[in-house]
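Number of protein chains: 2
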Amino acid sequence: MERKPTMNDVARVAGVGTMTVSRVLNGSANVAEETAKRVYRAIEKLGYRPNEMARALRNFKSRTIGLIVPYLFDPFFATCAHAVNTVAREHGYSVILTTSQDDPATEYNEAQSMLQRHVEGLLIIPADIRKSRVNQAEFNGTHIVTLDRPVHDARLDSVQVQNQSGAKRAVQHLIQEHGHSRISFLGFNRSLYTVRARFEGYRRAMQENGLEPMATFDCSSEKTTSDIIDGQLQGENPVTAFFTANNVTTRYALHALLEKGVRVPEEVALVGFDDFELADILHPKLTVVRQPASELGRVAANVLFERIKRDEFPEEGNRIVLPVELVVRRSCGCDSPQKRG
Amino acid sequence: MERKPTMNDVARVAGVGTMTVSRVLNGSANVAEETAKRVYRAIEKLGYRPNEMARALRNFKSRTIGLIVPYLFDPFFATCAHAVNTVAREHGYSVILTTSQDDPATEYNEAQSMLQRHVEGLLIIPADIRKSRVNQAEFNGTHIVTLDRPVHDARLDSVQVQNQSGAKRAVQHLIQEHGHSRISFLGFNRSLYTVRARFEGYRRAMQENGLEPMATFDCSSEKTTSDIIDGQLQGENPVTAFFTANNVTTRYALHALLEKGVRVPEEVALVGFDDFELADILHPKLTVVRQPASELGRVAANVLFERIKRDEFPEEGNRIVLPVELVVRRSCGCDSPQKRG
DNA sequence: CTGAGATGTGATAACGTTATCAACATAAAT
DNA sequence: ATTTATGTTGATAACGTTATCACATCTCAG
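Chains A and B supply the protein sequences, listed in that same order. If you're matching positions, the first sequence starts at -9 in this note's numbering and goes up one per residue. If you're matching positions, the second sequence starts at -9 in this note's numbering and goes up one per residue.
A hint or two may mislead.
No copy is singled out in the list; a pair is fine if it fits within one copy or between any two copies.
[Unchecked claim] Listed next, the in silico BS3-like pairs over lysine-lysine satisfying Cα-Cα at most 27 Å (straight line):
| id | residue 1 | residue 2 |
| --- | --- | --- |
| 1 | Lys275 | Lys299 |
| 2 | Lys275 | Lys213 |
| 3 | Lys(-6) | Lys51 |
| 4 | Lys(-6) | Lys250 |
| 5 | Lys27 | Lys121 |
| 6 | Lys275 | Lys250 |
| 7 | Lys27 | Lys275 |
| 8 | Lys121 | Lys(-6) |
| 9 | Lys121 | Lys275 |
| 10 | Lys35 | Lys213 |
Hints were generated in silico from the structure; no laboratory data involved.
Let the hints inform the model, and build the full structure from the sequences given.
Following this line, the structure appears as structure tokens:
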């Protein structure tokens, strides 16, 4: 309703000039103690709060960063976002958050919109390693850090996890500890960097053990996943273990197996990439590769703020890779009475 | 690096006045077609994008709303946030998102910070019905809508779900369909509105059936929940069913029961408030009260944008209550071979 | 005391946008 | 031919801050 009080109002009430109020607020030296007190009283009395819009316009500093994640209901991304938020607050920054739905066009539009809002930096989980356009010229002058997935641009900092080696270790576990040889890779959306990298880890583990890879990237829904699994469990050489590329696929696969009455891990083993809250309450408890979601967000945000602070645009960005951990529970066959030969 | 091009730059390149560029951008009438074309070409050439900071300052419209949720890694809140984001985008608004950790002081600070950023409206999931201070005078002139939980201020719009009647229905189901009489309410944090309301539904269901309520509000962690359950399962009159107040408590309780080797629902039944992705893969599949999380976010955002559009500050806010649904699966005892008398 | 430095303060001009007004065409109406 | 309308444009002044400069006072060494 009534207009918010401005610095001018404060100055008038305190009986000083506008600049003096500004100086008091910014803790600049050379303000008489007595004057400062008068200003503080006036601020108190009017309930004055500086207008960040005007500040941003004047200072070329919005104290805002942008964060673009594919989805918010995926617990992994949500956890990243939470961590980013926490770090931003510590730096006195606000976060403009939006989702891309894994669509490069949406991602580009949202990034543009954030540029218009003059964010000082951008944290992005890019939808597509090739089609993401956040590296174009128009983004020069904005600090960008990609997390979870990189893009093809050496100038950008990126923070990611050990996708390939983590996947490889998990598949090796299935091969070496449990003697599986017919292991199927289930994933969705080949254009996602993480899915590719995890597949590559899987492929290498198979190859190094002289086994034939067998991969699907079409697990877009519960139904299709179920159909794919159906096909792979039938025939003369049925699959004996599944490796799923992320928490969604893991869920689809587990659901399908349970629906069909297939016993896990007795009849078929299952190991997934990405841990989640309920993985150790499920029956069976899931063996998974755990990603440090919080740390991913935290590290990426810190890298970004470091860049912002230095206002540095390097020729070659840093690439930070965080370790993952194979959390062995039961779905791989461990802790189970019978093992296979 | 290089400064971003401004409207003045565009005007110079196009050989027109600044106002003409402004007019073209805002689609205002009365610009000659030929001139408009020149302006568009200049915009294209320079890669010009309007500075939202300057616009906001000049127009008193930031095209931004604030969203404060307790936590982002709770799938319920994350889903709300996702929905809010979607609606905001449809309106051409950006969302500044932050978390309160269910702490009223943090909530207040974050809300203040958003006011300084001149958000046009605020969507809040308040931490505490009494201690939340978002209704104070300093927030006059900002549109506020609370979602999921209300605060004590009749002027604020609030959107929530049928907490009480949903809980009551669930408990009635345990009593009437499965003959339970020793039903324990497990929750955490009595200062949360939702927990209270759900308890009240539980209490009424018990009372109307002549049963003794039995409630705990201390399920703050897995450990304490486990201990509480231990106590209630021992003694001469052990509990035969649990009603849990939200998805976190449900998880704690289920985990504890599984750890102890208690069979659900054969030995003890379990019904929770708030559905989640994996509730139907768990063993047993969980019977829950499902909340329309997406719709909650969507409706709240729409209410807010309606207020913003009309710039209306009603004496008495709307209170919208969305229906919940009892999703009957197996943990209540349904679909189980034996029923109790 | 005189001049140099420190200290405290305010006027002014930006930052990039847009509302308002005034100016000029040109077309239509008398 | 003169008025009246209509369409098209630009100069100017804000919005609320802050950097810069300028002007006072005051302190103290010489």
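Results of checking the hints against the structure:
{"no.": "1", "hint": "Lys275 / Lys299", "result": "neither (45 Å within a copy, 50 Å between copies)"}
{"no.": "2", "hint": "Lys275 / Lys213", "result": "both (23 Å within a copy, 19 Å between copies)"}
{"no.": "3", "hint": "Lys(-6) / Lys51", "result": "both (22 Å within a copy, 13 Å between copies)"}
{"no.": "4", "hint": "Lys(-6) / Lys250", "result": "neither (63 Å within a copy, 59 Å between copies)"}
{"no.": "5", "hint": "Lys27 / Lys121", "result": "neither (56 Å within a copy, 30 Å between copies)"}
{"no.": "6", "hint": "Lys275 / Lys250", "result": "both (18 Å within a copy, 15 Å between copies)"}
{"no.": "7", "hint": "Lys27 / Lys275", "result": "neither (63 Å within a copy, 64 Å between copies)"}
{"no.": "8", "hint": "Lys121 / Lys(-6)", "result": "between (45 Å within a copy, 25 Å between copies)"}
{"no.": "9", "hint": "Lys121 / Lys275", "result": "neither (37 Å within a copy, 41 Å between copies)"}
{"no.": "10", "hint": "Lys35 / Lys213", "result": "neither (63 Å within a copy, 49 Å between copies)"}
In summary, the numbered hints that this structure violates are 1, 4, 5, 7, 9, 10.
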